[in-house]
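Protein chains: 2
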Amino acid sequence: MKKFAVLGYGTVGSGVVELFYKNRAKIESKAGSEMELGYILDLRDFPDSPYAEKFTKSIDTILADDEITVVAECMGGVEPAFTYLMQCLSRGISVATSNKELIAQKGAELLANAKAHSCNCFFEASVGGAIPIIRPLHRCLAANEISEIYGILNGTTNYILNKMLTDGMTFEDALAKAQKHGYAEREPSADVDGHDACRKICILSSLAFGKHVYPASVYTKGIREITLEDAAAADALDGAVKLIAFVKKLDDGRILPAVMPMFVPHENMISRVDGVFNCIEVCGDAIDRAYFCGRGAGKLPTASAVMADIIEAVKHHKTVFSQDWTDAGTQDFIAGIDELVCGMFIRFAAEQDAAALCEKLTADLEGCGSYEADGISAVDHAALITFPMTKAQRDSLLAKLAESGLTVAHWMPVMEA
Amino acid sequence: MKKFAVLGYGTVGSGVVELFYKNRAKIESKAGSEMELGYILDLRDFPDSPYAEKFTKSIDTILADDEITVVAECMGGVEPAFTYLMQCLSRGISVATSNKELIAQKGAELLANAKAHSCNCFFEASVGGAIPIIRPLHRCLAANEISEIYGILNGTTNYILNKMLTDGMTFEDALAKAQKHGYAEREPSADVDGHDACRKICILSSLAFGKHVYPASVYTKGIREITLEDAAAADALDGAVKLIAFVKKLDDGRILPAVMPMFVPHENMISRVDGVFNCIEVCGDAIDRAYFCGRGAGKLPTASAVMADIIEAVKHHKTVFSQDWTDAGTQDFIAGIDELVCGMFIRFAAEQDAAALCEKLTADLEGCGSYEADGISAVDHAALITFPMTKAQRDSLLAKLAESGLTVAHWMPVMEA
Chain A
1 MKKFAVLGYG
11 TVGSGVVELF
21 YKNRAKIESK
31 AGSEMELGYI
41 LDLRDFPDSP
51 YAEKFTKSID
61 TILADDEITV
71 VAECMGGVEP
81 AFTYLMQCLS
91 RGISVATSNK
101 ELIAQKGAEL
111 LANAKAHSCN
121 CFFEASVGGA
131 IPIIRPLHRC
141 LAANEISEIY
151 GILNGTTNYI
161 LNKMLTDGMT
171 FEDALAKAQK
181 HGYAEREPSA
191 DVDGHDACRK
201 ICILSSLAFG
211 KHVYPASVYT
221 KGIREITLED
231 AAAADALDGA
241 VKLIAFVKKL
251 DDGRILPAVM
261 PMFVPHENMI
271 SRVDGVFNCI
281 EVCGDAIDRA
291 YFCGRGAGKL
301 PTASAVMADI
311 IEAVKHHKTV
321 FSQDWTDAGT
331 QDFIAGIDEL
341 VCGMFIRFAA
351 EQDAAALCEK
361 LTADLEGCGS
371 YEADGISAVD
381 HAALITFPMT
391 KAQRDSLLAK
401 LAESGLTVAH
411 WMPVMEA
Chain B
1 MKKFAVLGYG
11 TVGSGVVELF
21 YKNRAKIESK
31 AGSEMELGYI
41 LDLRDFPDSP
51 YAEKFTKSID
61 TILADDEITV
71 VAECMGGVEP
81 AFTYLMQCLS
91 RGISVATSNK
101 ELIAQKGAEL
111 LANAKAHSCN
121 CFFEASVGGA
131 IPIIRPLHRC
141 LAANEISEIY
151 GILNGTTNYI
161 LNKMLTDGMT
171 FEDALAKAQK
181 HGYAEREPSA
191 DVDGHDACRK
201 ICILSSLAFG
211 KHVYPASVYT
221 KGIREITLED
231 AAAADALDGA
241 VKLIAFVKKL
251 DDGRILPAVM
261 PMFVPHENMI
271 SRVDGVFNCI
281 EVCGDAIDRA
291 YFCGRGAGKL
301 PTASAVMADI
311 IEAVKHHKTV
321 FSQDWTDAGT
331 QDFIAGIDEL
341 VCGMFIRFAA
351 EQDAAALCEK
361 LTADLEGCGS
371 YEADGISAVD
381 HAALITFPMT
391 KAQRDSLLAK
401 LAESGLTVAH
411 WMPVMEA
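Heads up: the sequence lines are chains A and B, in that order.
Residue numbers are given in the working numbering: position 337 of the first sequence equals residue 337, and the series is strictly consecutive.
Residue numbers are given in the working numbering: position 258 of the second sequence equals residue 258, and the series is strictly consecutive.
Read the hints as simulated data drawn from the structure, not as lab findings.
Note that beta-carbon positions come from the ideal geometry of N, C-alpha and C, so glycine has one too.
Some clues are possibly wrong.
Stated by the list, open to error - Below, computed lysine to any residue pairings styled on SDA-like, alpha-carbon distance capped at 25 angstroms: (1) A:Lys315 / B:His316; (2) A:Lys400 / A:Val341; (3) B:Lys318 / A:Lys400.
What the hints assert, rightly or not - Listed below are several chain A residues computed to face chain B (Cβ distance under 8 angstroms; list not exhaustive): (4) Leu63; (5) Ala64; (6) Phe82; (7) Pro132; (8) Arg272; (9) Cys293.
For reference, chain A alone in the conformation it holds in the complex (with noise of 0.2 angstroms):
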């Protein structure tokens, strides 16, 4: 018999609960072992609850009892949850947490706890939801040199720009249904600045290359500025627009992540991953590229991945070391932005005829180092693609469009994956 405990009972932690009462024999039979909930940590009462009985406010009532085997952290925010885990690992106790905020602050100090008490910090479900990646990434892609990952990891965002594209809805129009529909908070922040698919891609970078990448290290920039006029335009150039978070390793080692709106061809599956769906494209130097899509967030789905945590923690009540990623005591190994180099989906201010632009654009990129005649990769009346540059490129372009007299009404990178 394993005892495990819930913290928190919001969304993630109630459906944990409710999936392991809903699957329980099944659970057991992977677990290898009969298991119990012992304790639901939450500062809330819930008298009318089944579990009311499981219910404490003090996590000292958890760390006190020896036969608690894992932990799952269900409570958002770094603080307590922090302290709570590190207390739970400090006494060999495994943790499962959804938390991405926490394990993006954090993740290096808690793995090392994790090892050096020979129990496990797992956390497959702070990413992608109910998608399977942290796993696969670290085991199953273990034999490849990872060179890029790119995703969409925050479905309310992708939602909001799917309701732009498909309903003509203006960004502040398909917010608020969005809200309406649960897939939104009050204070949409995290989700539409992008800060939310920040802490994700700050985890799969540091599992992916083994240092960890903080949050604040990572250029963010959110969709608040894309307008319809963006969406149809990349509508007519045979793409979307899509909050993109990638990491890429350059030439010389180091690692250029972000999380930015990028103009995503339909060449690539993730220009049609839509509404709430999250989806983590993985290149590699032996499978090339592989693809893993799905709920992003929700009850169950979310549940699903915490489970999955537990499970393992009762199965394998041993450090996975592999799993796992140091503090580098500098983040000289991440590059800046400007560092980027990208195609360009470039949106003009006036409707243009096409194959004049093309002719004049053709000449002005004649400037701009080695693209030339072909640097336009696809135009529209009103917007165009050009080839991967360099920001001293790009910069040049932009000063001979505005020497023109062509104004820009917005621009932004091509995903090139």
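Keeping the supplied structure of chain A fixed, place chain B upon it in accordance with the hints.
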């Protein structure tokens, strides 16, 4: 220091050797141990190979070496692979195999022998090539009751169907092109008649539901009958023809696995998985659905999956109990194809007036149970799609169509996921 051996130096086996030396530092770091390739077993001679001194023609050489921790089997076919792997497992040597024919035929015996000797029989590479699916299915989705799995599990047929749709090539021409590019064998039956996909859905079904599903129990139909007209009509109805391997859990607890060409609506991302890529959709009660896509074959992609198994075997030399299934002693838990409830994609022998066709069929469908006027979900001048029906309802509709002089050229099931 952990030693491993590779059986079979064909495409996959030589890929495993190449990948090990290419990414050795990373692989050893993930495995938590230094590693060495001890032997390569092949009946052919490779005197010019840089690894010439590692070749052996006898499994006994490998079995006699007490330092061998894990053997990678990349020979293909049931024998002698089965005998060799049983010998390894009986000595406590873990195995990692890419051989789907072997696992589909002999999985239960191999897994039981691994369990009896406290070692592992891993087979991540047997389904989906580079795509992580075996571990994600049994570990990351462990808390789910799996209800359905759908997949494009054969890249050769997907390439052929894709060429028919996008380049207007006939089946014969597309097959010839696939053979020219090395995507199809000279004797293409295993691919185009669905046997390869059948073996893979047997493995996924056995893993998801715990009982060995043998290929002989699975209805299997290939793509030889698919015509350019089918591809064009499917496109007109916003979908694509794909060779789909699937398994569904029925309400009475039995399962229904099958392989057949299906109409896949474009709303499902599987319809847009092109070329030699594979994609697997897993439906579970907590996750809703998740998708796993990537290269389903090829030297390094498949080697990536084999090497991940080797790493796991080096790290955890102890049976992973839940990653297995047993022989149920009967195949009574498998339902036959006549029990499939599905919509129909019906293509007519001659073009029809779409409005008149719709009106006519609405009348015809009144005799088809509860479907009546709602029976048709999409109609083109040459084809239509119905809502889901039982076999009796389908037979009734086809009889009515015949009576009324509307000649059906071809029909196939609609993938409903």
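Each hint, compared with the structure:
no.: 1; hint: A:Lys315 / B:His316; in the structure: 12 angstroms, holds
no.: 2; hint: A:Lys400 / A:Val341; in the structure: 19 angstroms, holds
no.: 3; hint: B:Lys318 / A:Lys400; in the structure: 65 angstroms, violated
no.: 4; hint: Leu63; in the structure: 25 angstroms, violated
no.: 5; hint: Ala64; in the structure: 28 angstroms, violated
no.: 6; hint: Phe82; in the structure: 25 angstroms, violated
no.: 7; hint: Pro132; in the structure: 3 angstroms, holds
no.: 8; hint: Arg272; in the structure: 6 angstroms, holds
no.: 9; hint: Cys293; in the structure: 4 angstroms, holds
Hints 3, 4, 5, 6 from the list above are not met by this structure, while the remaining hints are.
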